[in-house]
Amino acid sequence: MIEFHLDGGSGLSPYQQIVRQVRHALRLGLLNEGEQLPTVKDVVAALAINPNTVLKAYRELEHEGLVAARPGVGTFVTRTLADTTLAAHGPLRADLRRWLGKARGAGLDEESIEALFQDTFRTEMRSVA
Amino acid sequence: MSTVALRADGLGKRYGKRFALEDCTLEVPAGRVVGLVGPNGAGKSTLLNLAVGMLAPTTGTISVLGGEPASSPAQLAKVGYVAQDTPTYAHLTVGEHLELGARLNPAWDTELAERRVARLGLSLDQKARKLSGGQRAQLALTLGVAKRPELLILDEPVASLDPLARREFLQDLMEAVAEHELSVILSSHLVSDLERTCDYLVVLVDSRVRLAGDLEDIVSSHVRLSGPRDAGHPGELVTARHTDVQSTYVVRYSGPIADPSWTVGQLSLEDIVLAYMERRTEPAPRALEVAR
Chain A
1 MIEFHLDGGS GLSPYQQIVR QVRHALRLGL LNEGEQLPTV KDVVAALAIN PNTVLKAYRE
61 LEHEGLVAAR PGVGTFVTRT LADTTLAAHG PLRADLRRWL GKARGAGLDE ESIEALFQDT
121 FRTEMRSVA
Chain B
1 MSTVALRADG LGKRYGKRFA LEDCTLEVPA GRVVGLVGPN GAGKSTLLNL AVGMLAPTTG
61 TISVLGGEPA SSPAQLAKVG YVAQDTPTYA HLTVGEHLEL GARLNPAWDT ELAERRVARL
121 GLSLDQKARK LSGGQRAQLA LTLGVAKRPE LLILDEPVAS LDPLARREFL QDLMEAVAEH
181 ELSVILSSHL VSDLERTCDY LVVLVDSRVR LAGDLEDIVS SHVRLSGPRD AGHPGELVTA
241 RHTDVQSTYV VRYSGPIADP SWTVGQLSLE DIVLAYMERR TEPAPRALEV AR
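Protein chains in written order, with my numbering: chain A, 1 to 129; chain B, 1 to 292.
Please keep in mind that the hints were generated in silico from the structure rather than gathered at the bench. Worth double-checking, as some hints may not be accurate.
As the list claims (entries may be wrong) - DEER-style ranges, computed between Cβ atoms:
1. R79/A with M54/B: 50 to 56 angstroms
2. G11/A with L124/B: 42 to 48 angstroms
3. G65/A with G265/B: 49 to 55 angstroms
4. E62/A with L124/B: 41 to 47 angstroms
5. T263/B with A88/A: 44 to 50 angstroms
6. E62/A with V4/B: 35 to 41 angstroms
7. R18/B with T120/A: 47 to 53 angstroms
8. D85/B with I113/A: 51 to 57 angstroms
From the three backbone atoms N, C-alpha and C, an ideal C-beta is built for every residue, glycine too.
Using the sequences and the hints given, assemble the complete structure.
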């Protein structure tokens with residue numbers, strides 16, 4: 001069983017943090033198929049957060065096909081993420097390295113690169129959402 | 001069960017010449033934990049007192065779970081109220097509080113009340129005045145929850161508690177929400193108390209509702225834009241600050257911002273609430289520039 005924690009300075013809503021922590025645990029193999037997520041009541045009592053927040057996070061994970069709710073029992077992991085995404089990390093990292101090289105080549109310093117990345121990332125996420 | 005926890009239409013309450021609440025039109029959905037936030041004296045307690053029927057409106061109407069506040073025994077049974085500073089009866093024991101709850105409330109849940117008191121480590125023959133602030137608040141919450149209302153209204157329940165007692169109180173409140181599908185309206189002048197626990201927010205400033213909506217929507221639909229002075233901004237303006245070369249705006253806008261001259265900043269809930277509170281003193285734009 002995993003335990004959730006909330007990071008006040010992360011800029012992410014509690015619901016997003018829970019979704020991320022589950023995905024992260026799935027990637028790292030801390031959570032495996034058939035294992036149970038903490039019950040809504042347990043999460044709520046531990047973190048003093050709104051039950052709807054936990055339900056919303058679990059519903060999103062369910063929608064993604066990662067977990068399934070068994071009424072009256074709890075929410076269980078149905079799929080793992082470990083193999084699929086880790087494999088994709090290598091090529092993506094290589095792409096990003098090449099892009100960073102280009103940015104430096106264009107005369108951008110570290111801060112400018114970070115600002116450009118953050119800005120583009122946020123705009124992208126915003127338009128996707 | 002009603003789908004609307006609280007509906008107000010042109011609601012106002014006047015004391016002498018001063019309106020404590022003015023022209024309040026609001027619809028708060030049921031099944032939510034609603035945070036009512038605003039500075040001291042903004043009218044939060046007045047709105048809550050109107051909702052439970054302790055006050056009668058001067059203008060407009062208010063309905064709670066579809067009924068007029070305190071209009072019938074059935075209406076009274078549906079709404080629980082924990083007043084400001086979680087009052088208890090100093091001379092009564094914990095056990096006597098539970099007995100009082102059992103006699104006054106038709107749907108009283110004895111088992112729940114006893115289980116909560118035991119878990120809190122309170123002894124039944126302890127007088128309420130001997131309890132700590134946190135314990136008193138928990139006793140008041142026990143009475144509110146064991147009444148088994150559809151809607152529980154709490155006025156500044158954690159304002160006087162230390163951080164640990166505050167956290168424990170909110171944990172227990174959220175557990176009750178999860179267990180009993182309770183709607184909750186709670187007020188606070190601290191956004192940090194409400195950020196985790198609420199999923200709907202009402203901002204009250206200077207006796208008026210400034211902002212009301214789903215908490216996630218509020219957070220995702222406000223941004224801080226800074227860019228060259230006096231460039232036209234997208235969305236609805238909340239606040240503006242200017243230096244001689246730069247303008248910084250808080251706007252309500254959720255679309256993409258393609259213009260590279262803007263630096264887009266994410267706002268925390270606290271930033272957004274503060275921006276709306278700041279807006280109350282907003283004079284004409286010209287005067288604002290001079291002041292800064």
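- Taking each numbered hint in turn, which are not upheld by the structure, reported in ascending numerical order? When the structure is compared with the hints, numbers 3, 5, 6 turn out to be violated.
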